[in-house]
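Undergrad: Listed below are the residues making up each chain.
Number of protein chains: 2
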Amino acid sequence: MISKKTQYGLKALGYLAAEYGKGPVLIADIAEKKKIPIKFLESILLLLKQHSVLESKKGKGGGYFLANAPKKTSLAAVIRIIGGPIAMLPCVSLNFYTKCEDCDEVNCGLRRVMAITRDATLKVLEKKTIQDLVDGCVEMEIGTI
Amino acid sequence: MISKKTQYGLKALGYLAAEYGKGPVLIADIAEKKKIPIKFLESILLLLKQHSVLESKKGKGGGYFLANAPKKTSLAAVIRIIGGPIAMLPCVSLNFYTKCEDCDEVNCGLRRVMAITRDATLKVLEKKTIQDLVDGCVEMEIGTI
DNA sequence: CATTTGTCTATCATATAAGTAGACTTGGCG
DNA sequence: CGCCAAGTCTACTTATATGATAGACAAATG
Numbered sequence: 005m006i007s008k009k010t011q012y013g014l015k016a017l018g019y020l021a022a023e024y025g026k027g028p029v030l031i032a033d034i035a036e037k038k039k040i041p042i043k044f045l046e047s048i049l050l051l052l053k054q055h056s057v058l059e060s061k062k063g064k065g066g067g068y069f070l071a072n073a074p075k076k077t078s079l080a081a082v083i084r085i086i087g088g089p090i091a092m093l094p095c096v097s098l099n100f101y102t103k104c105e106d107c108d109e110v111n112c113g114l115r116r117v118m119a120i121t122r123d124a125t126l127k128v129l130e131k132k133t134i135q136d137l138v139d140g141c142v143e144m145e146i147g148t149i
Numbered sequence: 005m006i007s008k009k010t011q012y013g014l015k016a017l018g019y020l021a022a023e024y025g026k027g028p029v030l031i032a033d034i035a036e037k038k039k040i041p042i043k044f045l046e047s048i049l050l051l052l053k054q055h056s057v058l059e060s061k062k063g064k065g066g067g068y069f070l071a072n073a074p075k076k077t078s079l080a081a082v083i084r085i086i087g088g089p090i091a092m093l094p095c096v097s098l099n100f101y102t103k104c105e106d107c108d109e110v111n112c113g114l115r116r117v118m119a120i121t122r123d124a125t126l127k128v129l130e131k132k133t134i135q136d137l138v139d140g141c142v143e144m145e146i147g148t149i
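In the order they appear, the protein sequences are chains A and B.
Under the numbering used here, the first residue of the first sequence carries the number 5, and numbering increases by one thereafter.
Under the numbering used here, the first residue of the second sequence carries the number 5, and numbering increases by one thereafter.
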């Protein structure tokens, strides 16, 4: 289970993806449309900005907007920023690895299985981007037709 | 991330899988070998027994043992018993579904992606069993040679 | 310079996780 | 029968994470 925080962050990004190219979007606007507590959302957006997923503009006419095209940011990246590790165990995490006390990692059966699980999950989350979070009809891959 | 509790449960099952067919195993034995706080382990094993994953025998010569052959119990089943949902969001959980307030599930982009992720994860966890948790050399699939 | 908007710090409430203690029950065995 | 070895159950305790809120501060626009 991902935290509410991560969920809120992903929803907000989906909204910003839909508004991409239309200039800054108000925090209050996102909060209302996506039904997210505004002060909580503030901290999430700030975090995403600090990790270069978002950019912002202050003052009148300001707001938040995606730092890059929606397709450029994977869901895995976002989840790692807000929610931390994607793997089910610290000892199989690629980005948040911590050594497993009390077990020989080389022979650990649990570790072996969890590594496989991680790969399967990541295969999806690395490929999907915040473009895929846009609500409504499924976005077609136009490609280079 | 799965909880320590789930992790302990899986490790314990891995140990019991290795001892399968050799009669009851003491809680204290599992706790020592797998370095799990004994009282904590007690409650986990009891929970697994209540869900028919384990059986136990009381009194002298008693202990815990698998209710079925190691291959018969999937990791998904165990994780659901101890740790709850496998999906990343309640609204895409197959076994612990709760309706998503504040969002139209049909059109929710996040939900769509999380359902795909869940499928990828489950494909592994439904297939792997506690047989796969046995430490040491990778178990070969002998099959019906 | 005043208003709008994002930024930052601090705090709080609650829930969950993790672990501990001790009494109770069951069953084997002499 | 009666002891002892095991699992069973109840009740806490403590630590940490989560979710949320309030308010002061800083920057940019017009």
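By construction, these hints were calculated from the structure, which means they are not laboratory data.
Keep in mind that the hints are not guaranteed to be accurate.
No distinction is drawn between identical chains; accordingly, a pair holds when it is met within one copy or between any pair of copies.
[Stated by the list, open to error] Calculated pairs, EDC-like style, for lysine to aspartate or glutamate (alpha carbon to alpha carbon, straight line, at most 20 Å):
#, residue 1, residue 2
1, Lys38, Glu105
2, Lys39, Glu109
3, Lys26, Asp108
4, Lys64, Glu105
5, Lys39, Asp139
6, Lys9, Glu46
7, Lys53, Asp108
8, Lys8, Asp139
Only a predicted model underlies this, so the values are computations on that prediction, with no experimental measurement involved.
Undergrad: Determine for every hint whether it applies to the structure shown.
TA: Outcome of the hint check:
{"no.": "1", "hint": "Lys38 with Glu105", "result": "between (42 Å within a copy, 11 Å between copies)"}
{"no.": "2", "hint": "Lys39 with Glu109", "result": "between (43 Å within a copy, 14 Å between copies)"}
{"no.": "3", "hint": "Lys26 with Asp108", "result": "neither (53 Å within a copy, 24 Å between copies)"}
{"no.": "4", "hint": "Lys64 with Glu105", "result": "neither (53 Å within a copy, 33 Å between copies)"}
{"no.": "5", "hint": "Lys39 with Asp139", "result": "within (14 Å within a copy, 47 Å between copies)"}
{"no.": "6", "hint": "Lys9 with Glu46", "result": "within (11 Å within a copy, 34 Å between copies)"}
{"no.": "7", "hint": "Lys53 with Asp108", "result": "neither (39 Å within a copy, 28 Å between copies)"}
{"no.": "8", "hint": "Lys8 with Asp139", "result": "within (18 Å within a copy, 36 Å between copies)"}
In summary, the structure is inconsistent with hints 3, 4 and 7 from the numbered list given earlier, while agreeing with the others.
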